[in-house]
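Top to bottom, those sequences are chains A and B.
Quick note on the working numbering: the first sequence kicks off at 1 and runs consecutively.
Quick note on the working numbering: the second sequence kicks off at 412 and runs consecutively.
You may find that some hints are simply not true.
Straight-line distance between alpha carbons at most 27 Å, and here's what the computed DSSO-like set of lysine-lysine pairs gives [to be verified]:
{"id": "1", "chain 1": "B", "residue 1": "Lys-479", "chain 2": "A", "residue 2": "Lys-344"}
{"id": "2", "chain 1": "B", "residue 1": "Lys-469", "chain 2": "B", "residue 2": "Lys-479"}
{"id": "3", "chain 1": "B", "residue 1": "Lys-459", "chain 2": "A", "residue 2": "Lys-367"}
{"id": "4", "chain 1": "B", "residue 1": "Lys-489", "chain 2": "A", "residue 2": "Lys-281"}
{"id": "5", "chain 1": "B", "residue 1": "Lys-489", "chain 2": "A", "residue 2": "Lys-385"}
{"id": "6", "chain 1": "B", "residue 1": "Lys-442", "chain 2": "A", "residue 2": "Lys-155"}
{"id": "7", "chain 1": "B", "residue 1": "Lys-479", "chain 2": "A", "residue 2": "Lys-155"}
{"id": "8", "chain 1": "B", "residue 1": "Lys-479", "chain 2": "B", "residue 2": "Lys-459"}
Ranges of calculated distance between the beta carbons of each label pair, as one might list FRET restraints [unchecked claim]:
{"id": "9", "chain 1": "B", "residue 1": "Gln-483", "chain 2": "A", "residue 2": "Lys-385", "range": "52 to 62 Å"}
{"id": "10", "chain 1": "B", "residue 1": "Asp-434", "chain 2": "A", "residue 2": "Glu-276", "range": "27 to 37 Å"}
{"id": "11", "chain 1": "A", "residue 1": "Thr-261", "chain 2": "B", "residue 2": "His-462", "range": "35 to 45 Å"}
{"id": "12", "chain 1": "B", "residue 1": "Asp-434", "chain 2": "A", "residue 2": "Thr-318", "range": "32 to 42 Å"}
{"id": "13", "chain 1": "B", "residue 1": "Asn-432", "chain 2": "A", "residue 2": "Pro-152", "range": "43 to 53 Å"}
{"id": "14", "chain 1": "B", "residue 1": "Leu-415", "chain 2": "A", "residue 2": "Arg-393", "range": "48 to 58 Å"}
{"id": "15", "chain 1": "B", "residue 1": "Lys-459", "chain 2": "A", "residue 2": "Lys-314", "range": "18 to 28 Å"}
{"id": "16", "chain 1": "B", "residue 1": "Lys-459", "chain 2": "A", "residue 2": "Lys-286", "range": "32 to 42 Å"}
These are calculated hints, taken from the structure and not from any lab test.
Note that beta-carbon positions come from the ideal geometry of N, C-alpha and C, so glycine has one too.
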Amino acid sequence: MSVILAKNLDPNFMNEVISKACTTSNRENFYNCLSCGMCSAGCPYNGVHDNADPRKFIRMLTLGMKDEVLNSDFIWACTQCGRCTMECPMGVEVLTLVRTVRGNFGLRAPGFLQDVVDAQIKTGNQMEVSTEDYLETLEWMEEELQEEVGDPNAKIPIDKEGAEFLFLWDPREIKYYPHDVQSIAKIMWYVGADWTCSSRWWDATHYALFNGNDEEARIITQRYADEVKRLKVKELVVTECGHATHANKWGPKVWLEKDNTYPVKSIVEKYVEWFEAGLLKVDPSKNTEPITLHDPCNSVRKQGLGDAMRYVLKKTVTDFREMHPNGVMNYCCGGGGGLLAMGKDIYPYRMAKGKLKADQIKATGCKLIACPCHNCFDQLTDIIKYYNLEGCRVIHLHHLISHALIMDEKP
Amino acid sequence: MAFLEIGGKQIELDEDGFVVNPDEWTEEVAKAFAESEGIKELTEDHWKVIHYLRDYYKQFQVAPMVRKMCKQTGYSLKQIYELFPSGPAKGACKLAGLPKPTGCV
Numbered sequence: 001m002s003v004i005l006a007k008n009l010d011p012n013f014m015n016e017v018i019s020k021a022c023t024t025s026n027r028e029n030f031y032n033c034l035s036c037g038m039c040s041a042g043c044p045y046n047g048v049h050d051n052a053d054p055r056k057f058i059r060m061l062t063l064g065m066k067d068e069v070l071n072s073d074f075i076w077a078c079t080q081c082g083r084c085t086m087e088c089p090m091g092v093e094v095l096t097l098v099r100t101v102r103g104n105f106g107l108r109a110p111g112f113l114q115d116v117v118d119a120q121i122k123t124g125n126q127m128e129v130s131t132e133d134y135l136e137t138l139e140w141m142e143e144e145l146q147e148e149v150g151d152p153n154a155k156i157p158i159d160k161e162g163a164e165f166l167f168l169w170d171p172r173e174i175k176y177y178p179h180d181v182q183s184i185a186k187i188m189w190y191v192g193a194d195w196t197c198s199s200r201w202w203d204a205t206h207y208a209l210f211n212g213n214d215e216e217a218r219i220i221t222q223r224y225a226d227e228v229k230r231l232k233v234k235e236l237v238v239t240e241c242g243h244a245t246h247a248n249k250w251g252p253k254v255w256l257e258k259d260n261t262y263p264v265k266s267i268v269e270k271y272v273e274w275f276e277a278g279l280l281k282v283d284p285s286k287n288t289e290p291i292t293l294h295d296p297c298n299s300v301r302k303q304g305l306g307d308a309m310r311y312v313l314k315k316t317v318t319d320f321r322e323m324h325p326n327g328v329m330n331y332c333c334g335g336g337g338g339l340l341a342m343g344k345d346i347y348p349y350r351m352a353k354g355k356l357k358a359d360q361i362k363a364t365g366c367k368l369i370a371c372p373c374h375n376c377f378d379q380l381t382d383i384i385k386y387y388n389l390e391g392c393r394v395i396h397l398h399h400l401i402s403h404a405l406i407m408d409e410k411p
Numbered sequence: 412m413a414f415l416e417i418g419g420k421q422i423e424l425d426e427d428g429f430v431v432n433p434d435e436w437t438e439e440v441a442k443a444f445a446e447s448e449g450i451k452e453l454t455e456d457h458w459k460v461i462h463y464l465r466d467y468y469k470q471f472q473v474a475p476m477v478r479k480m481c482k483q484t485g486y487s488l489k490q491i492y493e494l495f496p497s498g499p500a501k502g503a504c505k506l507a508g509l510p511k512p513t514g515c516v
């Protein structure tokens, strides 16, 4: 039991946080906490590990316990998954308040989270891949694709002005997982997509969503707004990555003041469009292994793409099994909110959270987990090892699709 | 803090089992990691990739692009995955004693 010292309270603290918050909702609602505890009931980790009680966090804010909030483990251990916020009957965006506290009070994120943001600001991508290396990898994968499909016209276009959409990569696809590049480009080739990559700004990821620094978030977001203009594309399309989908869809509205209405889609939405237009023809009998889906919080709870993911899976595999709970009610993988980049101090929280997901996966009986998010992908891979989920593997949707394309029926 | 004990010497590992200080790496470390990364026996092909990664890291203090790894070792991407089933980042780099890559990995 700790003592609250009245003389240390800062009555303006909550005001300060709420006034600095970046949100598309009505911030006045953030004052309306009734301390009903629905947030704490909604947080899957409350009771799983210490320092996971959103109601306590809101109470501390309301009381003006500034030092305690700024020094709390809660603000970093929270994955900003938004499940508490979804449950709040009064519209208090807990995840937004967490983000605001992280980034507006001179705190340094644990681990290497800030290094990742610094790298992106400085070099244009979080893995500091040089433009030369990036372009060489695209060219390499273009050659591999041409060989795979036997068509010299299978291309990975770069800086093609007036293309229908600009596609953003996750740098790990470029640096460490180039076969992801080939797989995605194969789908683009199959459907005859009018797409382009950028030679200048191409990193879809956005760790300033996690460190909470709005100045850095603005710099990163402006780059893509500028690229949409420079390349005269109709849409921005983001690779299979949850936080990148959310940051690029939501970000322009909160961080940019003008030219912030360009359409942003996840590639998962494009899969649906292509299926519906009859452009994407797959043979589900190529994917017969039982498979479950992990719903990434950022693209499902925050951006409503759960149905789109299920639509794609039902077209592409023969034995899809839900984990429970799922969709917007799903549990976070435990690696969101930047936790994957927070190093050893946050690691115990990350693994404790992962237990829920490990149990969910086990209960499905599936060894294969579809996951259209790179961040969740790594966390799931880590918990598969940590909890000895023998034989379990994680797979992106594009691999399921590109592997099952009916080549004779290419439009 | 986790440690790997080899020949009476303790080698510090990070939370994901990567070597913290690449200078502490020896070939014994790679052998100790092999099994958990799904590799039955380390062949000449494995060592070629491992030594390439170590030399590159020594020179640039960063892991190479997979593009460079394939080009300069002469192995195709498919062969790299056959050699290191956990892949280039979590498999090959780990065996070569490179620290865990920062960023979304």
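Assuming the hint says 32 to 42 Å, is it satisfied by the Cβ distance from Asp-434(B) to Thr-318(A) or not? violated (51 Å)
Under the criterion that the straight-line Cα-Cα distance not exceed 27 Å, is the pair Lys-479(B), Lys-344(A) satisfied? violated (30 Å)
Just tell me: holds or violated, for the beta carbon distance of Lys-459(B) and Lys-286(A) against 32 to 42 Å? Holds: the Cβ-Cβ distance is about 34 Å, inside 32 to 42 Å.
A range of 18 to 28 Å was offered for this pair. Does it hold for the Cβ distance of Lys-459(B) and Lys-314(A)? For Lys-314(A) against Lys-459(B), whose Cβ atoms are near 44 Å apart, the range 18 to 28 Å is violated.
Between Lys-479(B) and Lys-459(B), is the straight-line Cα distance small enough, at 27 Å or below? Given that 27 Å is the threshold and the Cα spacing comes to 14 Å, the pair holds.
Holds or violated: Lys-489(B) to Lys-385(A), with C-alpha atoms at most 27 Å apart: holds (23 Å)
Is the hinted pair Lys-442(B) and Lys-155(A) satisfied, with a Cα-Cα distance of at most 27 Å? violated (41 Å)
Quick one: are Asn-432(B) and Pro-152(A) within 43 to 53 Å, going by C-beta? holds (48 Å)
Starting from the range 27 to 37 Å, see whether the pair Asp-434(B) and Glu-276(A) falls in it by beta-carbon distance. 56 Å Cβ-Cβ, so the 27 to 37 Å window is violated.
27 Å Cα cutoff - pair Lys-469(B), Lys-479(B): holds (15 Å)
Measuring from beta carbon to beta carbon, are Leu-415(B) and Arg-393(A) in 48 to 58 Å? violated (26 Å)
Lys-459(B) paired with Lys-367(A) [C-alpha distance capped at 27 Å]: violated (33 Å)
Checked against the numbered hints given earlier, this structure breaks hints 1, 3, 6, 9, 10, 11, 12, 14 and 15; the rest are met.
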